[in-house]
Amino acid sequence: MSKWWRQFVFELAMLFRNPWLLALPVFFALFNGLALGRVSPEQNLFQEAYNMHALIQTMTLGLVVFLGILSVRRDIRRPSYEWSSALPVSYGTKVSAKYLAGVLYCSLFTLVAAGLYAWFSGSQGVLPEITREYTVFFAMTYEVSYLVTFALAMLLAIAIPNRVVYLIGFCAWMFGTFFMDIFLIDKAGLNLLRTFHLNRLLTMEGAPHDAWGFDVLGNELFYSRMFVFSFTLLLLAVGVTVLDRIRPTKHKLAVWTAGGLALLLAVGAFVPYGLIWKERYDGYRAKLADPGLEMMGEDSPEGKKTDMFVIEDYDITLKKRKGDFLDLRAVLNIPAGELSGRNEIHLTLNRSFQVKEAKINGDPASFTHNGERLAIQLPKAGDVALKVEVAYGGTLFDYAPGFQGQGSVYAFSKGMSLFLPGYIAWYPLPGYQSIYVKTQHDSGIELGSRLLVQGNTSLKLKAEGFAYPLYTSIPETKRQEGTQIFEGQIRDGLSLFGGTFTELTKPGFPGKVMTSPYDQRFGNLVLQRWQDMYGYFAGWVDHFNPRLTQLLYLPNYSYITYSVENQAYIMSNNSYPEYLAKIVMNEMLLGSRRDEDPNLQVEEDIRLQLRALMWYVYFYEEEGYSTQDLTLGQADSNLLYELYSNEKERDPNRLNLRMMNQVGKALDEGKLEQVKRVLNIFYDRGLEIRNSDGKDSSEDRKIPYSEWEQVWKRVMGQ
Amino acid sequence: MIEIKHLSKKYRRGGLALNDVTLTLHEGMVGLLGPNGAGKSSLMRILATLVEPTSGEASINGIPLRKAEDIRKIIGYLPQQFQVYPQLTGSEYLDYVGAMKGMNDPKQRKREIGRLLEEVNLQDKAGKRVKTYSGGMKRRLGIAQALLGSPQVLIVDEPTAGLDPEERVRFRNLLTRFSLGRIVLLSTHIVADIESNCRQIAVLDRGRVRMSGELTELQEFGRGKVWEEVVSEEQFARLDPMSIVSTRRTENGLRCRIIGETPPAGSGAVQVRPSLEDGYLALLRSGRKEGAYSYE
Chain A
1 MSKWWRQFVF ELAMLFRNPW LLALPVFFAL FNGLALGRVS PEQNLFQEAY
51 NMHALIQTMT LGLVVFLGIL SVRRDIRRPS YEWSSALPVS YGTKVSAKYL
101 AGVLYCSLFT LVAAGLYAWF SGSQGVLPEI TREYTVFFAM TYEVSYLVTF
151 ALAMLLAIAI PNRVVYLIGF CAWMFGTFFM DIFLIDKAGL NLLRTFHLNR
201 LLTMEGAPHD AWGFDVLGNE LFYSRMFVFS FTLLLLAVGV TVLDRIRPTK
251 HKLAVWTAGG LALLLAVGAF VPYGLIWKER YDGYRAKLAD PGLEMMGEDS
301 PEGKKTDMFV IEDYDITLKK RKGDFLDLRA VLNIPAGELS GRNEIHLTLN
351 RSFQVKEAKI NGDPASFTHN GERLAIQLPK AGDVALKVEV AYGGTLFDYA
401 PGFQGQGSVY AFSKGMSLFL PGYIAWYPLP GYQSIYVKTQ HDSGIELGSR
451 LLVQGNTSLK LKAEGFAYPL YTSIPETKRQ EGTQIFEGQI RDGLSLFGGT
501 FTELTKPGFP GKVMTSPYDQ RFGNLVLQRW QDMYGYFAGW VDHFNPRLTQ
551 LLYLPNYSYI TYSVENQAYI MSNNSYPEYL AKIVMNEMLL GSRRDEDPNL
601 QVEEDIRLQL RALMWYVYFY EEEGYSTQDL TLGQADSNLL YELYSNEKER
651 DPNRLNLRMM NQVGKALDEG KLEQVKRVLN IFYDRGLEIR NSDGKDSSED
701 RKIPYSEWEQ VWKRVMGQ
Chain B
1 MIEIKHLSKK YRRGGLALND VTLTLHEGMV GLLGPNGAGK SSLMRILATL
51 VEPTSGEASI NGIPLRKAED IRKIIGYLPQ QFQVYPQLTG SEYLDYVGAM
101 KGMNDPKQRK REIGRLLEEV NLQDKAGKRV KTYSGGMKRR LGIAQALLGS
151 PQVLIVDEPT AGLDPEERVR FRNLLTRFSL GRIVLLSTHI VADIESNCRQ
201 IAVLDRGRVR MSGELTELQE FGRGKVWEEV VSEEQFARLD PMSIVSTRRT
251 ENGLRCRIIG ETPPAGSGAV QVRPSLEDGY LALLRSGRKE GAYSYE
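Residue numbers (UniProt numbering), protein chains in the order written: chain A, 1 to 718; chain B, 1 to 296.
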């Protein structure tokens, strides 16, 4: 031990007495600190830090490769240092001491990266446990990369006793960081090789984020690290074995045995990691091989929906069991007549779940579940109302490899995290809907249908067994320890989220923002502006009817693509607080315009222009724009666009301009209150453009231009 | 005692560096003499447990070569090429080597390092970084590291290369003192290095042992084969250059010392008593003429 310790101290001295090597962590700290210090409140510290570290760590790996080679070439296998090989010191001692000293030096970079991250995270007011989790993530990622890279560089130097090894080391660095990512993993789709990448940060783009932590990766990260540890051990063992093949030793058998054991350990550690990918690809390939999946076509880009019917209400119970198993029971009430003439009911339920039992009006019914298609035999009882019960369960990690990055996880329930988007069919959807569609030439799988429900349906969801609060797009009516109940009308699907979310509220304001820990500052900025705007509109809109009260702001998660869902706005793209606050306020005040007819003449329906005029007044009164400024388009053009747009087919007489000028003139004349009265009248008529069901469609609520003129004259004439 | 039996070494990309070498080396200073490429360094590297022999056996003080770790504990080794970490001082370097040799008592280590630095005349430079040392000083430091820990066997390969004449003498005396009760195996191609101090000698040429024994035995190889004569410059030009051992200009012409079975034809050459170098050269020449140990 004393020899080992002495060798270790000696190797440390070789590194730490070099002023250049001592200066590098200082430069690293300066760069790191400057980069993190420039993260604005609008930005997500974790995402920004992640992107920076992905690049900067790759740079430091170049240094690690150099140091690894240098540590060996300092004396081992150098003819002029042959005297050192005649010393009574084993190569095991030398290699391990060099390795640990080298890694200890590299750990300075890890310490700097982790320390600065923790400091910046703490100074943002992020909870200590969250800060700790992400700090440990960065530290572990750095350290694991350094461990394997240093060992690899040492092995290269041991195997190649020539200065050309520096060039080969450079190539290994380039290949192990950039080229492997581009050519082997992304282009060839060999995702399994991610664990061999020297910088794991570069191979997890888009996957880890601070809403679901690292649960989204499942156990991949853990098993990958276990493999890297054992692979590192293998590299070192091979290095010692190579050296002991050259220099005689009486411990040959022991050295070879250790090498063999290290190999077995590495292979053994690769198995669970490989099985994770096998499982993911098995599920993906099963979908690809499913003849029931539709091909994505031009005429049906989202797949087809057949046998649709109205569901009056849902009663869903969701229980989380051990091992991330989700146990569900859904009760669907279907009005009489909806399924007349059919001998079976067609539902859509994700294939990840196994249906245990189906009942119709309390009686067990036979069923089949192929892919997402769940067919339940109907009794011959005529056109009566049906109560359909489906009990099902399973674990969920719906993976699809992507052409770049980590791929996509369409839905999952892992550890402390839950992501069940409505479109994944985690509860039975009416009819056969295309949850997945095949891309052209069977080359991949994408998400299909987004229709989900027919008309307005009431839904009650009881969630049990979750150690963290869940969030969804309908109101939460009850929350007790371990149990949450949500009840409300759904016009879209119902998505369910769980994770390390932060709930931001303000006293007296009905809106709330749910966001990830590192978007808390952003969320607060949005909430503040949202509240300000709400206060303004609530001050004069007589019958203010908030269409939505929740904003779920999630970090950039590329496959969350939708915006409004029921009574929540779900946003995943990074945006400006002011911009997002206006979007949410717009949805809260005016509801959706999802079902607008792009060919409808303005003369027939002026709801889009009326929506814009509400904002016109806001900009005039609240933000201090003059009518001239607004005419010149100096305010938010998105919200006022319908007043400026020059679409001759839809509005040949420029009625939109006429309306804006009318309002502008009135405002200039000090008739603000009258304008508000006009707008209140139309607001009460309903400005949402949405086909909520087949019976009360958006078409029925059109407001023709003639009505505007009538109301205007009436109010202004008073 | 070092016992070497039928030792051969063949390199992957070269010829046979050692060919069936059998030697027994006793306590004291042993000279290993041979021209460049004779296999001296290969033999020393094998004995220093740096490489494995291709075949044959050897033992040092009864420890077979296969127990390399045990051998390393009792040897000191100075290779032909010697470099040291430039950022260390001389005493730091020796302290590291001492610790690696198992000298765990720091005080004892420091004492011995001080003594050795004095022996190799580096006491004034002990605190300076090695990168400031001249080639000769580095060489002396190498000698000190080999002697550190008083190894039972000292293996030094061409140790006097790069040393000035005064240092060479000093070094020879140091090794001679050190060899009392120990084996010092010194390889060189300079006869003077071993002439005054070695009790035993072995001559290697082209991987084979040409002779092994006492110095006088080597000297005897030259008996009756060494001639001296004074020649003109024209006569000198006609002499076989390979047979001339030395030349000295005198008032009457060039006094040449020539090796040959017979005196140079048509001259007044006088047979003289051979020196050790004459014996060594005569031995090498006779071997080459016989062609008995050509490379395979």
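Hints are computed from structural coordinates only; laboratory data are not their basis.
Please note: incorrect hints may appear among the correct ones.
Stated by the list, open to error - Here are some of the chain A residues that sit facing chain B, going by a computed Cβ distance under 10 Å:
1) F10
2) A13
3) T249
Claimed, not checked - Which bits of chain B does chain A cover? Going by a derived footprint, with three or more residues having C-beta under 8 Å, they are:
4) 93-103
5) 229-238
Don't be surprised by glycine CBs; every beta carbon is placed ideally from N, CA and C.
To see whether the hints hold, each was checked on the structure:
1. F10: holds (5 Å)
2. A13: holds (8 Å)
3. T249: OK, holds: A:T249 within 10 Å of chain B, min 6 Å.
4. 93-103: holds (count 6)
5. 229-238: violated (count 0)
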